[in-house]
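Undergrad: Listed in order, the protein sequences are those of chains A, B and C.
Final position of the first sequence in this note's numbering is 281; the numbers increase by one with none missing.
Final position of the second sequence in this note's numbering is 1312; the numbers increase by one with none missing.
Final position of the third sequence in this note's numbering is 2260; the numbers increase by one with none missing.
Treat the hints with caution; some may be incorrect.
Each pair of labels, with its calculated beta carbon distance range [to be verified]: (1) I270(A) x K1068(B): 48 to 56 Å; (2) C1034(B) x N184(A): 24 to 32 Å; (3) K111(A) x M1179(B): 46 to 54 Å; (4) L105(A) x Q2247(C): 56 to 64 Å.
Taking lysine-lysine pairs in the DSSO-like style, the calculated list, with each CA pair at most 27 Å apart, reads [unchecked claim]: (5) K2209(C) x K2032(C); (6) K268(A) x K1202(B); (7) K1079(B) x K1060(B); (8) K168(A) x K1199(B); (9) K2187(C) x K2240(C); (10) K1005(B) x K175(A); (11) K175(A) x K2187(C); (12) K2113(C) x K191(A); (13) K2187(C) x K2035(C); (14) K1009(B) x K168(A).
Hints are computed from structural coordinates only; laboratory data are not their basis.
Just so it is clear, CB atoms sit at the ideal spot from N, CA and C, and this is done for glycine as well.
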Amino acid sequence: MVYFAGAIGFWILAWLLNIWIARQNESKLLNLFPPILFGVSIILIWQASVVGFEVSPVILPPPSAIYYKFISSIPTLWGDFVQTALKGALPGYLIGCAAAFAVSLIADKFKFFGRGILPIGNFLAAMPIIGIAPILVMWYGYGWQSKAAVVAVMVFFPILVNTVQGMKMSDKIHKDLMQTYNANYLQTLLKLRLATAMPFIFNGLKICTTLALIGAIVAEFFGSPIRGMGFRISTEAPRFALDMVWAEITVAAIAGSLFYGGIVLLEKWITFWHPSQRGRA
Amino acid sequence: MKYLKELEKGCEQVTVMNKRLRIDSDNKILPVICIITFIITIWYGFSIVLNAPWEFDKAKRNSITLSKTELVSQTWSQKRPKLPTPHQVAKEMWDTTINKKITSKRSLVYHGLITFYETIYGFAFGTGLGILLALGIVYNRATAMSVMPWIITSQTIPILAIAPMIVVALGSAGFSGLMPIVIISMYLSFFPVVVGMVKGLKSPEQLDIDQMKTWSASKSQVLFKLRAPKSTPYLFTSLKLGMAASLVGAIVGELPSGGGGGLGFRMLSGSTFGNTLHIWSGLFSAAILAGSLIAIIGVIQRIVLKRMALET
Amino acid sequence: MVQSEVINVSNLDLTFETGDGPVHALKNVDLKVNKGDFVSFIGPSGCGKTTLLRVLADLDEPTAGEVTVNGVSPREAREARAYGYVFQAAGLYPWRNVAANVKLPLEIMGYSKEEQLKRVKKVLDLVELTGFENKYPWQLSGGMQQRASIARALAFDADILFMDEPFGALDEIVRDHLNKQLLELWKSTNKTICFVTHSIPEAVYLSTKIVVMSPRPGRIVDIIDSNLPSDRPLEIRDSKDFIEISQRVREGLRAGHSDE
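Okay, chain A solo, but in the shape it has when bound:
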């Protein structure tokens, strides 16, 4: 109980500090504090509640236990990460992106096809695509190929929809300019429309980073060799080794954030000219 009260006390102090910081002028350094303080408070409350209320580790392990498990299982965690993220999610993401770009180009060149594929793409992007995971495991076996296939299908539709929309987005004035130069389709595409489509394409790419990892993990629930994050979770959970499960989740969260962060950096580099990147959104 003491622990819990202490944690709540910390939370209140941290919150007051956050309110004070919020009232100050914007500064990059100061802006980092609120989220960090908030996160630390949550972890402290978590630790304090679990220990203080003697919550069974079978329901929710304390952060300390997760930390210890994490440190002691790094080889296993790394192996799982390689299997799921590097061999499953990443290839699937790249394949799905490439396929989506190819189809969007076709949809752009052949307007009839484009008009038909967009509603269908929108519809399928909202579908629980994860449902095809068992089917793909059945077709491609238990290895990383089926996971990559699931991820490829999952990221295909959102990226397709975003890319097609981006290709439509060039200002009329820019297109007219191209027409006065009598530029052909390829020139207009490469010099104008791809650049204007980039912000939209990156929108899709960002959304799909999380989808990719989740897809790979969930696909492993339906069949996997004795490695992989999904495999580990689905075997450790029934054994109530929840600290291992949470350690895997931590790995997944870190991997997902790094992936997302990488795409954000790429976006900053390529679409440096867009108002949202120049801080004028």
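Once you've looked at the hints, dock chains B and C against the given chain A.
TA: For chains B and C alone, kept in the frame of chain A given last:
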């Protein structure tokens, strides 16, 4: 290449004709029908290709050679096909919906209803949570600064992946039944709602806000008379995303339940017992469920936005 | 006097089909433009002046009538890259710096790398933007962006220049300066310029010929041949001839208005 160009031109002419006759002023119906027909044709083709190895094996064991028509008709009617044909899936769905009692565990409707309830409750709670968080973020700077980064990070935590664990954990803590799954759906659907509502509530221009200031409007008046109405387009888009996410959460949450029911459970049991028709019919039912729920939101969206003259 | 005819418009008619019904943008337009002319099109909104320019540039198609540019159809003229077009907004690509923006038409038309560098330097000099090659459009003021847009239109030696209210968004002082620069450019290059504006002083100051238009339907009300000398300091705007021409333009605009 030239052939494709001719094909494209022909399609365009039909589209123009449709437009003139006012059959299809959006130019969408004909292309969509064409593509769907094309997909179904390819599907039948792939059915033959993927199911053929099994047929060949069977024929070899019985020392028969298959004629082309036999191959086609048999690959299209296997009991456990690698790729069932559209009509096989349709028949299975018909069988398990119309021809079974709703209360039977073999009925697709039974499972569909379970998933439906999980989705709807998760969606409702998720939307509520999302709107509350959005209000907090818009009106309280401390909340905005501390919580927003974590909300975004929360989406990188593959909740979907630990859904099984949540169900198990909550189960041993005494919460069973639909509750754990509803929590998972809620977690997945609150994020689009928060993001969309924050954007929407912040969408009024400085101009409008200043105008409210000149009338000495109270904070709640500004909220209800300006910010809320202006955020309705964003809200509806987010609701659609939230609904889709909620359904995915429900389906994956059912996986470890080991006997509860629902479309996810159905697909898993189909996968475990090699009953591919169960997998496909479950998948299609999930798709139909998702499509209908989102379409309902779309209809409400159109009615509301038309009355508010935000969309003609 | 034999002057080569660069643009010939006869009986041009253009009706747009819009969601609210047909809009008769241009009606019975007849026009002749000779080489080296500076023609201004002036009129209130909706009089069709921009539409007319776009028809000449093959950006819109007429519903009736005949148009020739350089003796051929506008489409063939566009395919032969016979003109440069300056839009109302600068329309620079934000992902390219100034030099890269000016290079854009040269890349498309297949000039060699050395040619590109040479020409970019030359036209940036002409519009006094030397030194800004590596800046991005959002780092420039409105006036500078427009100048870059003009440089871009000059880069590839087209004999004809179509300009659609290029200085509309700029303030008086910058405008005066750019007007003067444009006149000097015109004199040194002897291009044929078609210029759309809604400012009477600008039209009278710049042109050798002023086409007054009126709306609903868009048509030509008056064509005025300017008798101002080709040497025009800004003070000429206070001269008697200038004021007379301005008044004639104003009367034409009023007549067009009262027709409604």
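Undergrad: State for each hint whether it applies.
TA: Here's how the hints hold up against the structure:
For I270(A) paired with K1068(B), a C-beta distance near 52 Å keeps the hint of 48 to 56 Å intact. Take C1034(B) and N184(A): their Cβ atoms lie about 28 Å apart, and the range 24 to 32 Å holds. The hinted range of 46 to 54 Å is satisfied by K111(A) and M1179(B), whose Cβ atoms lie roughly 49 Å apart. Evaluation of the 56 to 64 Å hint for L105(A) and Q2247(C) yields a pass: the beta carbon distance comes to about 58 Å.
Taking the CA atoms of K2209(C) and K2032(C), the gap is about 10 Å. The hint holds against a cut of 27 Å. At most 27 Å may separate the alpha-carbon atoms for a hinted pair to count; K268(A) and K1202(B) meet this at roughly 24 Å. Note on K1079(B) and K1060(B): the hinted pairing holds, with a Cα-Cα distance of about 18 Å set against a maximum of 27 Å. For the hint pairing K168(A) with K1199(B), the CA-to-CA distance comes to about 23 Å; that is within 27 Å, so the pair holds.
Simply put, K2187(C) and K2240(C) have alpha-carbon atoms about 23 Å apart, close enough for the 27 Å limit, and the pair holds. With a C-alpha separation of about 22 Å, the suggested pair K1005(B) and K175(A) falls inside the 27 Å cut-off, and the hint holds. Restraint check for K175(A) and K2187(C): not satisfied, since their Cα atoms lie roughly 31 Å apart, outside the 27 Å limit. A C-alpha spacing of about 17 Å is found between K2113(C) and K191(A), which places the hinted pair at or below 27 Å, so the restraint holds.
Between K2187(C) and K2035(C) the alpha-carbon distance is near 12 Å, which keeps this suggested pair within the 27 Å criterion. Annotation: proposed proximity of K1009(B) to K168(A) holds, straight-line Cα distance about 20 Å (limit 27 Å).
Hint compliance for this structure: hint 11 is the single one not met.
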